[in-house]
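Number of protein chains: 2
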Amino acid sequence: MKTFKIIKIKNNNKETIDDFVTEEISLTIEINDKELITLLCSQDNINELTIGYLFTSGIIQNIEDIEKINIFCLIQNKWVAHVNLVNNDILKDLTFKKIQAVGCGKGAIIFKDSDILNNEKIISSIKLKDSVILNLMKELQAQSQTFLKTGGVHSAALVKNDRIIVFREDIGRHNAIDKVIGNIIKSPAPMEFSKTFLLTSGRISSEILLKIIKCKIPVIISRSAPTDESIRICREKDITLIGFVRGNRMNIYSGKQRIIV
Amino acid sequence: MKTFKIIKIKNNNKETIDDFVTEEISLTIEINDKELITLLCSQDNINELTIGYLFTSGIIQNIEDIEKINIFCLIQNKWVAHVNLVNNDILKDLTFKKIQAVGCGKGAIIFKDSDILNNEKIISSIKLKDSVILNLMKELQAQSQTFLKTGGVHSAALVKNDRIIVFREDIGRHNAIDKVIGNIIKSPAPMEFSKTFLLTSGRISSEILLKIIKCKIPVIISRSAPTDESIRICREKDITLIGFVRGNRMNIYSGKQRIIV
Numbered sequence: 133m134k135t136f137k138i139i140k141i142k143n144n145n146k147e148t149i150d151d152f153v154t155e156e157i158s159l160t161i162e163i164n165d166k167e168l169i170t171l172l173c174s175q176d177n178i179n180e181l182t183i184g185y186l187f188t189s190g191i192i193q194n195i196e197d198i199e200k201i202n203i204f205c206l207i208q209n210k211w212v213a214h215v216n217l218v219n220n221d222i223l224k225d226l227t228f229k230k231i232q233a234v235g236c237g238k239g240a241i242i243f244k245d246s247d248i249l250n251n252e253k254i255i256s257s258i259k260l261k262d263s264v265i266l267n268l269m270k271e272l273q274a275q276s277q278t279f280l281k282t283g284g285v286h287s288a289a290l291v292k293n294d295r296i297i298v299f300r301e302d303i304g305r306h307n308a309i310d311k312v313i314g315n316i317i318k319s320p321a322p323m324e325f326s327k328t329f330l331l332t333s334g335r336i337s338s339e340i341l342l343k344i345i346k347c348k349i350p351v352i353i354s355r356s357a358p359t360d361e362s363i364r365i366c367r368e369k370d371i372t373l374i375g376f377v378r379g380n381r382m383n384i385y386s387g388k389q390r391i392i393v
Numbered sequence: 133m134k135t136f137k138i139i140k141i142k143n144n145n146k147e148t149i150d151d152f153v154t155e156e157i158s159l160t161i162e163i164n165d166k167e168l169i170t171l172l173c174s175q176d177n178i179n180e181l182t183i184g185y186l187f188t189s190g191i192i193q194n195i196e197d198i199e200k201i202n203i204f205c206l207i208q209n210k211w212v213a214h215v216n217l218v219n220n221d222i223l224k225d226l227t228f229k230k231i232q233a234v235g236c237g238k239g240a241i242i243f244k245d246s247d248i249l250n251n252e253k254i255i256s257s258i259k260l261k262d263s264v265i266l267n268l269m270k271e272l273q274a275q276s277q278t279f280l281k282t283g284g285v286h287s288a289a290l291v292k293n294d295r296i297i298v299f300r301e302d303i304g305r306h307n308a309i310d311k312v313i314g315n316i317i318k319s320p321a322p323m324e325f326s327k328t329f330l331l332t333s334g335r336i337s338s339e340i341l342l343k344i345i346k347c348k349i350p351v352i353i354s355r356s357a358p359t360d361e362s363i364r365i366c367r368e369k370d371i372t373l374i375g376f377v378r379g380n381r382m383n384i385y386s387g388k389q390r391i392i393v
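If you're matching them up, the sequences are chains E and P in order.
Residue numbers for the first sequence follow the working numbering, beginning at 133 and rising by one.
Residue numbers for the second sequence follow the working numbering, beginning at 133 and rising by one.
Hints in this document: simulated from the structure, not taken from any laboratory.
Some hints could be false.
Repeated chains share a single entry, so a pair holds when one copy, or any two copies, can fit it.
Only pairs whose alpha carbons sit at most 30 Å apart, straight line, appear in this in silico DSBU-like list of lysine-lysine [claimed, not checked]:
id: 1; residue 1: 261; residue 2: 140
id: 2; residue 1: 348; residue 2: 318
id: 3; residue 1: 259; residue 2: 134
id: 4; residue 1: 140; residue 2: 270
Being a predicted model, the structure only gives us computed values, none of them experimental.
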């Protein structure tokens with residue numbers, strides 16, 4: 133967070149105040165000296181963001197695919213993540229697609245259509261109580277100190293056994309999710325995602341689902357709205373999709389068998 | 133909008149209802165048979181979106197640079213905008229330098245750093261009353277029928293003489309702005325932007341500013357938060373930046389000389 137002197141107008145009264153504002157950096161991910169993508173993001177946990185982005189984009193399959201990552205500040209708020217892969221052939225195999233993400237950063241999403249087009253369903257026996265979902269969403273909001281102070285970030289969290297185990301924030305809702313996933317991927321014993329679910333403050337469009345599918349996370353829960361395409365994908369893949377979790381209500385768009393009311 | 137049968141939970145009561153959901157399509161912009169970018173967007177006004185995107189990305193300077201645009205539906209919700217440019221040399225200078233240089237997917241937003249790095253300030257003598265801003269933001273929300281029904285879209289509008297002259301919605305906040313700008317650019321007598329300002333429901337990060345600077349729009353007003361980088365750019369460029377316009381309050385982050393309280 134940074135502090136800026138700004139003018140606040142309220143009921144026609146004008147006063148100069150110190151205001152908290154969320155910070156934005158640009159992070160250019162380079163693989164073997166080739167520029168892959170520049171993300172606009174928040175500055176915390178950019179190592180996790182890099183790993184999460186590479187994983188959810190299908191560039192790496194696990195942390196072992198990365199030989200090393202050097203992250204350095206180029207100038208002011210411009211950062212570079214220099215990544216060396218163990219096997220450079222990985223890059224040749226992938227069919228990259230440039231997708232501009234909805235809403236967040238100057239990001240692009242790289243994925244294989246086959247991730248969505250195959251008929252594989254997400255299998256998980258996880259069950260969730262509606263009351264647990266409502267409480268966890270309140271906890272997500274309460275944990276977001278930056279949001280409370282700046283109103284400028286999205287948050288995401290991974291939940292296991294009804295408990296938030298990773299919580300991350302970012303100016304981009306995709307980035308917040310990639311940080312959460314990057315955190316898990318880089319841990320020595322990466323977790324099975326099938327017993328987990330993801331909480332997000334952000335809207336759910338199809339490219340968010342791509343990340344979820346890549347991890348085989350069976351449940352995604354949002355404070356905001358889904359698009360028709362994300363509902364369609366969730367129903368095809370048997371992913372539980374819940375939106376508009378606010379106060380004492382929520383909408384179940386897909387995968388109701390996992391929710392106990 | 134589409135209708136989906138969903139389960140609504142409220143105070144532990146469960147009912148099946150028909151719910152409105154916002155639609156998402158993918159729009160691939162091809163220039164002379166080369167794929168430039170795929171945008172995830174709402175389906176309305178994709179001609180304007182294409183033109184606006186090409187303009188705010190610096191690929192075209194005005195509508196005359198476009199020979200023709202054919203928009204067609206490839207399959208289901210996959211659309212293609214096939215663009216022919218009058219002068220293909222335009223591409224040599226800008227686009228594919230950034231896109232093609234690396235074989236594996238690239239930034240979605242294409243721009244010249246010089247747009248921001250030059251010292252040119254945005255000059256405009258426009259003055260705005262705070263009460264007008266508050267009313268226009270209410271009007272922006274009221275006009276957004278899709279938002280009211282689905283909660284899933286952002287809106288943007290261009291204002292001239294205290295009146296909304298173009299209003300557009302999209303699942304992506306960038307797209308909503310590009311549609312507004314595209315609408316102006318494609319009109320027979322494109323408007324001078326210096327007497328206009330832009331309203332948006334979405335957060336303001338630096339890539340939104342790039343669009344504003346490209347048009348030389350002197351004022352941007354948002355319902356949401358700005359990032360530090362967007363404040364910094366606005367102060368350098370002398371752009372008026374107002375955020376958190378809600379109820380009877382707002383924050384002026386930059387360019388206060390244009391606001392009359």
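Check residue 140 against residue 270 for me: Cα-Cα at most 30 Å, and say if that holds within a copy, between copies, both or neither. both (28 Å within a copy, 18 Å between copies)
Quick one: residue 261 to residue 140, C-alpha cut-off 30 Å, is that within a copy, between copies, both, or neither? Between copies only: 14 Å across chains, 42 Å inside a chain, cut-off 30 Å.
First find the shortest C-alpha distance between residue 348 and residue 318 inside one copy, then the shortest across copies, and answer within, between, both or neither for a cut-off of 30 Å. Cα proximity of residue 348 and residue 318: one copy only (17 Å, versus 44 Å across).
Status of residue 134 relative to residue 259 across identical chains (alpha carbons, at most 30 Å): Answer is between; shortest inter-copy Cα gap is 29 Å, intra-copy 41 Å.
Violation of the numbered hints given earlier is absent; every hint is satisfied by the structure.
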